[in-house]
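Residues 2 to 343 in this note's numbering are what the sequence shown spells out, letter by letter.
Please note: incorrect hints may appear among the correct ones.
Calculated cross-link-like contacts (lysine-lysine; reagent style DSS-like; alpha-carbon spacing at most 25 Å) [said to hold, decoys possible]:
| id | residue 1 | residue 2 |
| --- | --- | --- |
| 1 | Lys188 | Lys202 |
| 2 | Lys237 | Lys308 |
| 3 | Lys182 | Lys241 |
| 4 | Lys265 | Lys241 |
| 5 | Lys101 | Lys41 |
| 6 | Lys69 | Lys54 |
| 7 | Lys22 | Lys101 |
| 8 | Lys102 | Lys170 |
| 9 | Lys69 | Lys182 |
| 10 | Lys37 | Lys212 |
| 11 | Lys308 | Lys182 |
| 12 | Lys237 | Lys263 |
| 13 | Lys212 | Lys285 |
| 14 | Lys188 | Lys122 |
| 15 | Lys170 | Lys285 |
| 16 | Lys22 | Lys54 |
| 17 | Lys54 | Lys102 |
| 18 | Lys69 | Lys41 |
| 19 | Lys202 | Lys170 |
| 20 | Lys182 | Lys265 |
| 21 | Lys202 | Lys263 |
| 22 | Lys202 | Lys41 |
| 23 | Lys122 | Lys37 |
| 24 | Lys188 | Lys100 |
| 25 | Lys67 | Lys41 |
| 26 | Lys101 | Lys202 |
| 27 | Lys237 | Lys188 |
Hint data in this document are derived by calculation from the structure and do not stem from the laboratory.
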Amino acid sequence: MRFSIGIADNHSENEWNDYVKSSPHSTVFHTWQWLKIMEKHTNSILYPLQIFKGSSHIANYPIFFKNKGSFRYALSPASNADSLYLGPVLQGYESFTQKKKEDYLVGIQSALDHFLFSELKCNFVRLRTAPGLPDSRPLLWAGYNVEPNYTYRLDLSSGLEEIWRQLHKTIRTNINSAQAKGIVIEKGNQSDLLFIESEIKRRFSAQEINKTDHSALLCDIFHEFNGHNLEIVVAKYEGKTVSGIIHLCYNGIVYQWVGVPKSKIAGLSPNELLVWESIRSAHKKGHSYYEFMDGGIDPRLRIFKSKFNPDTWIWYSAEKYSHPIYKMARKLSQKVGYTVRL
2 MRFSIGIADN
12 HSENEWNDYV
22 KSSPHSTVFH
32 TWQWLKIMEK
42 HTNSILYPLQ
52 IFKGSSHIAN
62 YPIFFKNKGS
72 FRYALSPASN
82 ADSLYLGPVL
92 QGYESFTQKK
102 KEDYLVGIQS
112 ALDHFLFSEL
122 KCNFVRLRTA
132 PGLPDSRPLL
142 WAGYNVEPNY
152 TYRLDLSSGL
162 EEIWRQLHKT
172 IRTNINSAQA
182 KGIVIEKGNQ
192 SDLLFIESEI
202 KRRFSAQEIN
212 KTDHSALLCD
222 IFHEFNGHNL
232 EIVVAKYEGK
242 TVSGIIHLCY
252 NGIVYQWVGV
262 PKSKIAGLSP
272 NELLVWESIR
282 SAHKKGHSYY
292 EFMDGGIDPR
302 LRIFKSKFNP
312 DTWIWYSAEK
322 YSHPIYKMAR
332 KLSQKVGYTV
342 RL
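Use the sequences and the hints to build the structure in full.
Shown next as structure tokens:
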């Protein structure tokens, strides 16, 4: 049967979300509300694609399209929106035979590429698939340059006692020390969300890295998802917030999304306790995993995260140009110091 593509309209929100929710590798980033917020804050056009095999709806694939001058490109997820990965959502994929998995992924990619390169006339496409889709070969076979990335997930099924035992000794020591110094962990609010964003910007600035201000994006996310799929926790010392985490909760996974900035108070290390209490809360609420969201690019980040003894989960970033000349032009522009910001 032929693979084809449809585009969901604004009346399809519930249908879209129901389909997304049914897939174990879907994320809150795939939900209709999140996609619309991402579209708003990235000045891009959202294409909520639905992929069919014959008359059967087999996948959702959100794509963001932008046009800068004569350069046309599509991304999943959109850039500069604090979304690490996105890509396709397939219903029932985990129960498929290997041949069916491969047939579906190859067919989906072929239909997607026809839409992006032939209909939208894209010069460049970048796709970042969510953890849970470990086979990158259909992307390679379709001519994409594929890079593996790694996030961390801590399996909560072993219980808190075993998780505590598996923590690196410095983590346990710092947790006990933070408690002894009077650091307390509390539920945060919108003001704490903005504090976390400002602290992240401060840390980037200290490393001479420019970071886009995402306060407006975060506030929209807060108003849409707080109390459902978003939770803020903060560490307080002597009544003042000194660190915090913005968590996302979806389909049995708690995502450490934004936060854990290093404290600017000398001799104070609240983050180990902050993360530990977050893990305890996730376990208490019956979630299956706690994810330390990561791309695996910065080796400095693994030093803290790996001490909680999580497992690595692979996800992929794939890029493709419509013609080698666009790839050469982009490399040349980067070499001379001018970059087309995606």
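Outcome of the hint check:
no. : hint               : verdict
1   : Lys188 with Lys202 : 22 Å, holds
2   : Lys237 with Lys308 : 23 Å, holds
3   : Lys182 with Lys241 : 14 Å, holds
4   : Lys265 with Lys241 : 12 Å, holds
5   : Lys101 with Lys41  : 36 Å, violated
6   : Lys69 with Lys54   : 33 Å, violated
7   : Lys22 with Lys101  : 22 Å, holds
8   : Lys102 with Lys170 : 42 Å, violated
9   : Lys69 with Lys182  : 53 Å, violated
10  : Lys37 with Lys212  : 22 Å, holds
11  : Lys308 with Lys182 : 22 Å, holds
12  : Lys237 with Lys263 : 13 Å, holds
13  : Lys212 with Lys285 : 35 Å, violated
14  : Lys188 with Lys122 : 47 Å, violated
15  : Lys170 with Lys285 : 23 Å, holds
16  : Lys22 with Lys54   : 20 Å, holds
17  : Lys54 with Lys102  : 13 Å, holds
18  : Lys69 with Lys41   : 17 Å, holds
19  : Lys202 with Lys170 : 30 Å, violated
20  : Lys182 with Lys265 : 16 Å, holds
21  : Lys202 with Lys263 : 11 Å, holds
22  : Lys202 with Lys41  : 22 Å, holds
23  : Lys122 with Lys37  : 23 Å, holds
24  : Lys188 with Lys100 : 47 Å, violated
25  : Lys67 with Lys41   : 12 Å, holds
26  : Lys101 with Lys202 : 45 Å, violated
27  : Lys237 with Lys188 : 10 Å, holds
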